[in-house]
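Novice: When we follow the working numbering, the leftmost residue of the sequence shown carries the number 1, and every step to the right adds one.
It is worth saying that the hints were derived from the structure and are not from the lab.
Hints are not guaranteed to be accurate.
Claimed, not checked - In silico DSSO-like links for lysine-lysine, alpha-carbon gap of 27 Å or less:
1. 83 x 35
2. 115 x 101
3. 35 x 101
Said to hold, decoys possible - Cβ pair distances, simulated, as ranges:
4. 19 x 81: 56 to 62 Å
5. 25 x 98: 19 to 25 Å
6. 109 x 44: 30 to 36 Å
7. 19 x 51: 26 to 32 Å
8. 63 x 25: 50 to 56 Å
9. 82 x 19: 14 to 20 Å
Predicted model only: the values in this text are computed from it and were never measured.
Just so you know, even glycine gets a beta-carbon here, dropped at the ideal spot from N, CA and C.
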Amino acid sequence: MGLEVSTALAIIERALPAEMAENALQLLDERELAKLTAYVEEIEDLTMRATEAPITSKVEAATLAELMARGARAEKDLELMRKARVAPLRAEVASIDALFKRILAPLSDLDARAKRHEDVCLARQQDIVAA
1 MGLEVSTALA IIERALPAEM AENALQLLDE RELAKLTAYV EEIEDLTMRA
51 TEAPITSKVE AATLAELMAR GARAEKDLEL MRKARVAPLR AEVASIDALF
101 KRILAPLSDL DARAKRHEDV CLARQQDIVA A
């Protein structure tokens, strides 16, 4: 790996609690981990530079605008990375849900029929008692 695991962990722990950082090491592949660590550093740099001094000139305003654009690119890229990881998992969950719902459907139908039968029997008992 281009980036040592201990280095990546130390960088990620600056942005996440230790347990979440450990999860990142387990969940992300080498490329994703490198990207995440780079963005942690990028976001730290942007935040520090954007908040270090009040804006008093057009140059400083332009610098802040550039920092904000870099932040927006980082946010977009990280969101795309997250969606790429989550989309297949959501599709798998939907497939599993559909499979089990289909298998369980006859039981749901049976429960509904039993409930209707129970309601009919109860109504008949009430008619008998009322008569």
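Novice: All hints, please: hold or fail.
Specialist: Okay, the hints, checked on the actual structure:
1. 83 x 35: Holds, because 15 Å separates the two Cα atoms, which is no more than 27 Å.
2. 115 x 101: Satisfied, since the Cα-Cα distance of roughly 20 Å is no more than 27 Å.
3. 35 x 101: This hinted pair is violated, its Cα atoms lying about 39 Å apart.
4. 19 x 81: 56 to 62 Å: violated (20 Å)
5. 25 x 98: 19 to 25 Å: Once the Cβ atoms are compared, 33 Å apart, the range 19 to 25 Å for residue 98 and residue 25 is violated.
6. 109 x 44: 30 to 36 Å: Violated, since residue 109 and residue 44 (Cβ atoms, about 57 Å apart) do not stay within the stated range.
7. 19 x 51: 26 to 32 Å: Check passed, 28 Å falls within 26 to 32 Å.
8. 63 x 25: 50 to 56 Å: Given range 50 to 56 Å: violated, Cβ gap about 34 Å.
9. 82 x 19: 14 to 20 Å: holds (18 Å)
Of the numbered hints stated above, those contradicted by the structure are hints 3, 4, 5, 6, 8, listed in ascending order.
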